[in-house]
Every structure is written in structure tokens, then in C-alpha cells.
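Use these hints to put chain F onto chain U, whose structure you have.
There are 2 protein chains.
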Amino acid sequence: MAQDKKLVEAITSMEEDFAQWYTDVVKKAELIEYSSIRGCMILRPLGYAIWENIQKQLDADFKATGVENVYMPMFIPESLLQKEKDHVEGFAPEVAWVTHGGGEALQERMCVRPTSETLFCDFYSKIIQSHRDLPKLYNQWCSVVRWEKTTRPFLRSMEFLWQEGHTAHATAEEAEERTIQMLNVYADFCERVLAIPMIKGRKSEKEKFAGAHATYTIEALMHDGKALQSGTSHNFGDGFARAFGIQYTDKNNTLQYVHQTSWGMSTRIIGAIIMVHGDDSGLVLPPRIAPTQIMIIPINQNKEGVLDKAFELRDKLSAFKVKVDASEKSPGWKFSEQEMRGIPIRIEIGPKDIEANQAVIVRRDTREKIVVSLDQIVEKAGEVLETMQQDMLNRARAHRDSHTYSATNMDEFTKIIEEKPGFIKAMWCQDEACEKEIKDRTGATSRCMPFEQEHIADTCVCCGKPATTMAYWGKAY
Amino acid sequence: MAQDKKLVEAITSMEEDFAQWYTDVVKKAELIEYSSIRGCMILRPLGYAIWENIQKQLDADFKATGVENVYMPMFIPESLLQKEKDHVEGFAPEVAWVTHGGGEALQERMCVRPTSETLFCDFYSKIIQSHRDLPKLYNQWCSVVRWEKTTRPFLRSMEFLWQEGHTAHATAEEAEERTIQMLNVYADFCERVLAIPMIKGRKSEKEKFAGAHATYTIEALMHDGKALQSGTSHNFGDGFARAFGIQYTDKNNTLQYVHQTSWGMSTRIIGAIIMVHGDDSGLVLPPRIAPTQIMIIPINQNKEGVLDKAFELRDKLSAFKVKVDASEKSPGWKFSEQEMRGIPIRIEIGPKDIEANQAVIVRRDTREKIVVSLDQIVEKAGEVLETMQQDMLNRARAHRDSHTYSATNMDEFTKIIEEKPGFIKAMWCQDEACEKEIKDRTGATSRCMPFEQEHIADTCVCCGKPATTMAYWGKAY
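Sequence lines, in order, name chains U and F. For the first sequence, position 222 matches number 222 in the working numbering, and the numbering has no gaps at all. Offset between the second sequence (1-based) and the working numbering: plus 477.
Same shape as in the complex, but just chain U:
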């Protein structure tokens, strides 16, 4: 056996230091490498392949609702960014400015897009004239730049990959319907493909998107009890349309403003996959998003016939994303690497297995070992992957539910935050002062006012005045 060139070093345990565990996994599973550019990450093949799978499946979901892809410029002239007052206030402080090009100073500086509402609005003002031009349902996959002070892989980086959908509609009702529709697309995708259950709801005025009439969000709970905003969908009403002059003539030949939405999901969601499903051996990828679903690891591979059988098995399993690890490392190292990289199942096959016409399937999540006849292995592998996908969702939901609490006053609220972090359901008067006080006292923010409301109490958890909504609260990434 050749000397293994790289040890699978132990990673910090989750319970000991969750933040360090996260960084270790991201680095040792080779999802990301830090670049020489402050706050910018390199997506390595495994990290990018996960994003490619997200893209592929989400893009199909978008297109099924009539969305078309386009590509807009990455630069926004300062004057264009400034057209919508709230929007520029929200984004101007965190953009990167291009001031020189082609060896000369620019007459007007341009920022690298932090988001593209202003570009889409400018575009829509040119191509929308009549009600026949509506709706416009456009999306783009691209990278955006936001000048973050502190950065963390996937969760917060200066440049990140995302998609941003931008739609224009004839009526306010249609825009609201599309906003909710896309939120549902995100939530369904996360549940079905990523095995992550989501709380769907509306953001508070304080937490909504700069320039939006209403922002809706999906919120997930990480293993450490912190929340992660995983996707947002905004209804802009006709605010941007008025600022940019996007008008159409309706059937009565009257000029009307369009109503717009935008919605986005980014590589941040990969952080959620890591922090919802991972364990002390590394990444655990849901089978439906895993770039490699099955790793075949030959035992005693130098014995005659073992490697041949392993490759034969690979060909038999070609309906799945399957590989053979035929490198010169020991099986133990290969197991560790497969576990670190979160590959859903491994199949061990050695001389004795071959003699018995069998192989051993090992689940990444439970480590359950299943001895299977080679005659039934295709069927069985499919079953195990499907079961694992469902089990992962069930476990994530159980974890979230067991870490979701109710509070009716600030003492209860504070105690929960200190002792057993998770989601806190609490009534709220919707006054921003209470939201601020809760944040100052506990570090928790309002995550959303969920569509599924519950009546926890009559009064606001903070001020005691009559409550108008139930909200989810929590510390968040």
C-alpha cells in the first residue's frame, strides 16, 4: 500500500465548537478554498457540483412556471442605482465601485451589481408598452458583490452566486400571487430535494428588502439552534415602476404602472445543507442533491477479480451517480473520505463478498450496514437512497420541532435563548420598538410572521400591549 499522501484529519466536534466544526467541514470536504481576495471564496469541484445540482433542479422548477432566463450587465451606473430612494439607501453603503476603465477615469462611476432590480427596471421600461407584453417572467443566474465586513464560507461572502428572478405584471393581485408562488417553489425544493423543512412567512418592516412593499422568506433551523434565512421573495407593488416609468396601456388604452416582484436563492443554501445534515465525520448530503450518490470501495483490491467486479458493479448501478474509489489508499481512508464528502452510500465489496455473490451497503447518515445479494443490488440501492432522503427530512423536521419553543413574556424568552437555542414563537404588536428591544436584550431577531399563525397569547411578548401577529424569533446567521 502506498503512503497516503493526505490524512483525513479529525475535525472539531460539533458539540465542542460548532463554528469551528463548520469551518473544518467546509475546508476538509474540499467544498471551498479561501482566495487571495478578501472575503471571496473559491468554489472547489464538490462545492460547485452541489451548486450545479441546485441550479439544474431549481431552474426546471422555475421554467415549469413560465419563467425564462436572461443575462443582464454586471455594472450599474450610479445614476441608475439612485432612482429608487429606499433601494439606494439599502445598498449603496455595501457596493464595490468601478472608477477606471481602459486606462481612463470614468465620467460616471459604476457599481458591481449587489442585486439587479435597477437594471431590470431600466430594461422593462424599454420593452414593455402594452398589456400584451405582460407578464414578463425573467430570471438570471449570476454572481453579485456586497462589501461585507465579516465573511464566512457560503453564509456571507463578498461575492456570491445566486439566481434573481424579476417579474412585471399588469395587476397588484397578480404580482402578489407570483411572490407567494415563488416562495412556495423555494420551500418545496428545499423540502423535496435538500431535505430541509422551512417556515414560510412575511418579514417585518425592519427586515424587509430595501424598496420592497413586502418581503416573504423561508427560514430553516440549523443543528446549533440558529436560524438561516434561506430564500426571499419580494413584492414591490408599483414603487419601482413609478421610479423608473414602467408603464403599459391597458385594454381601455389607459396608461398604467406595472407591478413587480423579485426573488432570490444563493449559494448560502449550501451552508444550510451542511449545518442541518452534517455530523462529526463531515458532510451528509441528501441523495437528491449529492454529486456522487454511491461510492464503491473495493476491499483487498489487489486480489484478482476484485477491481473488475467493482467496475462491473459500477456499470450495473449506472442509473445512479456512482464511482469506484480504486486509488491506492487503504479501505479505512477511503471510508473516511467518503464520509467527509457526504456521499450518501458506500458499497463495500471484497473477495468474500464476491464468493457469496453479495456486497455491503453502508448508509452515510445512520451507518447502517445492509448485506445485499448482487442480484438485487440495483433495486436495493435505489430503496436505500430513497429511504435515506425521507429519513433525513424527518430527522431535520424532528430536530426543528423539538427546538421550537413558545414564550409569552420576556423572562421566558430570555431563558430560552440562553438555555436551549432554537425558534421562539411569540406574539408581537408589530411595533419596531419591541423588535429592537428584543434584539438588544437577547440577540434574537424576528425571523418571520408565519403564514401558519397560532394564538400563543393575547399580548405582545415584549410590551404587553395587544398583539397583532405571532412571529418566529431566533438568533440567526
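Keep in mind that the hints were calculated from the coordinates and are not lab data. Note that beta-carbon positions come from the ideal geometry of N, C-alpha and C, so glycine has one too. Treat each hint with caution, since some may be false.
Think about it this way: if two alpha-carbon atoms lie no more than 25 Å apart in a straight line, the pair counts; the simulated BS3-like pairs of lysine-lysine are [to be verified]: (1) Lys321(U) / Lys533(F); (2) Lys126(U) / Lys806(F); (3) Lys806(F) / Lys323(U); (4) Lys126(U) / Lys798(F); (5) Lys798(F) / Lys56(U); (6) Lys329(U) / Lys603(F); (7) Lys316(U) / Lys540(F).
Quick look at which bits of chain F chain U covers, simulated, 3 or more residues with Cβ under 8 Å [stated by the list, open to error]: (8) 533-547; (9) 590-604.
Frame of chain U; chain F shown alone:
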């Protein structure tokens, strides 16, 4: 019939003004919209869908050779760009500089990537240690920015989409092999999918990539007789490795420099599709790249049963990319739109056809009308698409061959350029002075020294001294 909201206006004829024809097609087929940002284009749904199809098929071709995708930052700090002398000289004059971020002036300015050799080199210097880490075969799909003075849709814009592959190898031989391999991937893709035949060859020293040891190119001939460089593949030798210190320990434990390649194809190739296949009615898309392959156009669609039959036909043809144009426009307008957008075939179906259990297939390229029984329409549509794909390649090749000339002296050369533009095959001494003189006198540049050499004469077409190569020459986009 409702008033058609938008006329399919006549476009300039190709023979009258090819440049204007091109601009008209790009705009009226709705491939591109000009943006408010100087030199930046918006890729509209049809333009982007063509790029998506290119991406999908080319990406699969890359992966079949072992390439993996990654994503690198879009910014390059000035000090990093400067590490390789020739490279920085080639690119520094045409980059966009970010000088401010997050409200503050940067300590070191960063350019928006014009290409990412320097970033990949920096990355490789961190992750390559041993011969076991080689080869690295990475690619990324992204946009790049080059500060162009004059821009044209697809052909030359400030920001454009592309892929850039960057590989690192243990030996010079392996790097050269990969350089040629990827050039062949491009040429095969263009021929098989885009129906565009390519001349493969090596660029002159003057025309090679900044920092490369050798640049290979694929060159196509447009309808107007001008050449278009359609993809390039560079062998860097160990030049970048020495500048960036990318070393590995070989099997004898000796430190060695890696040998590198890079290769790219961009949205520019969409310009080639337009200019090779288009005609005076607009775009003509090869079936294998067309986002919509078949448009079903109902005739007399308000007659009972016609629309039902059209949608039934669509479902029957679901193995293809098929749509029904059920809008309230007249069939004539629908034909014009289908032609303008280059949809390979349309199927006309009206009450009389339904009575006769037939439909009419019309080819976009030849306008041939084929009456087909509805019982055989799936098979026949597939045949017509396949035939059209082959015919388009044959026509493009015949056009190129009939516009490829030989010259043995400058009188002949000049006469050809003036009278019948196309490729000129001519012998060359490889002296840059002759290359320059030819350009000054005729406007033609050396396109490549083709792999398939022919002996046209003994002496250089320009200086009359002994020739060392045959080269293709021509005016180029």
C-alpha cells in the same frame, strides 16, 4: 383577427449591407437589447436560451474528458495580475478597476477579471504539492470584462459570457496533448452541433495569447467572407508556473514546475451562428442548438377543432422542442416571426389538413414544403430536422470552400481581398514584418497556420524569401 401589436418589419438585405443586416437580425429576433451601460448587452430569452444549449452540450463534452467545474472570484488584485510580465502587458490596458468598496478607498485596487489565469495560478500554487495532485482539469462558466472601444452584439462587448478551462500537468507533453484535445472538442462541437466547419491551426507569435507559449485556434468563415476566431486553446508551458511558483514533487522526490493550458469559448460563437446560417428573413438555427425546434402554426384556428388538433400534435411531438403559436396573430405574421427567430421547422395545420389527416412541414432553410400524414409526422419531423442539420453543415462547408483562395504573390493576394473576400491560403516565412506588411496593405491578418498544411509555393507571399509554413489569411471580425 386582433390588430397585430408588432409588425415584423423588413430587415436590411444581407447583400445590401451585411453589417446592418446583422444588427437588424440581432435586434428583431430579440436576441439582444442594448443596455444603458456603454458596451454591455442584455441577453434576451432567445439569446440566452441558445447560450444555455451551448453550455449544456459543451459542458458534457468537457466532463467526458475528465474536466470538473469550479468558480473563482471575479476580482484580481493588481499585484496578482502583475505577476506574469507578458500577461499583464496584454491585459492591463483593457481592464476595469474597482477602487472603492464599502464606502472606503481600497488599499490595493482590483480589476474585474478579463480572464482568470492569475487566479487559477494562485489557487494551484496552494493546492498542488505532489505528482498525485496532477493533473488538475478545471473549468469555469462566468462573465469577463474587457474595456473595448467599439462594440458589436456578441462579437465584441465590454462584458461577455464564456467558459475558461485551466489545467495543470506534470509534463510538457501532457499539456500540449490537452491543448490540442480541447481545440478538437471545440471544433467537433461546432461542426456537429452548430453546423459550422472550422479550420484548426496555430496562431502566429503576434496573434497568440498574452503569456502563452503557443495558441491554437478554430477559425470559421462568415457569409460575407470575413473570418471569425471562434475558440482558442493555449499552451503556457511552465511560464506561469515559474511566475507563480506552482511546483510539485515528482516520483523521485524532485521539485518540478507544472505545465499549464487554458482554453475558452464565448457568446461570440452566437455571432458565428447568425453570420454563417442567417438569411434575409432572419435567423436560421441548426436544429441541434435551437431552443424551439418546431413551431406548430394553426390555420383558421378559430374553426372548431383546429386548436385542439394543434395541441394534440404538440403532445405527439413531445420528443422534440415544440410549441404551438396560438396567439391572435394572422398565420402570415406567425410565419414571419418563426422565420425571424430561426425556428428550424414549422408545421402548418388547418381544417382541410385535418380532414385529410395531414399537416404541412416547412423547412426554415430551404422553405421546402412537405405534406405529411399525421400518422407519420413524428418520424418525418425527426428526419427533416436531421437532414436540415446535415444540409446546413454541407452548405456552410461549400460556402467556405468556394470562398477559399490561394495566392502566391501580393498582387494576387490584394486582388482577392478586393474582389472576392474569403480565406486566402498563402505561404509565409513567419517573419512578423511580412505579417505586418500584409495587414497594412490589405487589412488581412494571419488567421492560423493550419494543421493541414498544403504546399502552395516555395516562397513567402510577401517577401519572396523561403517559406516555412502555409497560413490562412483574411479580414476578420
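Do the hints match the structure? See the list:
1. In summary, the hint linking Lys321(U) to Lys533(F) is supported, as the alpha carbons are separated by about 18 Å, within the 25 Å threshold.
2. Of the pairs offered as hints, the one joining Lys126(U) and Lys806(F) holds, with about 23 Å between alpha carbons and a cut-off of 25 Å not exceeded.
3. Restraint check for Lys806(F) and Lys323(U): the C-alpha separation of about 53 Å exceeds 25 Å, so the hint is violated.
4. Of the supplied pair hints, the one linking Lys126(U) and Lys798(F) is violated, its CA atoms being roughly 29 Å apart against a limit of 25 Å.
5. For the hint pairing Lys798(F) with Lys56(U), the CA-to-CA distance comes to about 18 Å; that is within 25 Å, so the pair holds.
6. Proximity of Lys329(U) to Lys603(F) is assessed by CA-CA distance (about 23 Å); at most 25 Å being required, the pair is judged to hold.
7. For the hint linking Lys316(U) to Lys540(F), the alpha-carbon distance of about 21 Å falls within 25 Å, and the restraint holds.
8. Here's how the stretch 533-547 of chain F fares: 3 of its residues keep a CB closer than 8 Å to some CB of chain U, so the rule of at least three is met and the hint holds.
9. Only residues whose beta carbon comes within less than 8 Å of a beta carbon in chain U count, and the stretch 590-604 of chain F has 5; three or more means the coverage holds.
Of the numbered hints given earlier, the model fails hints 3, 4; all others are met.
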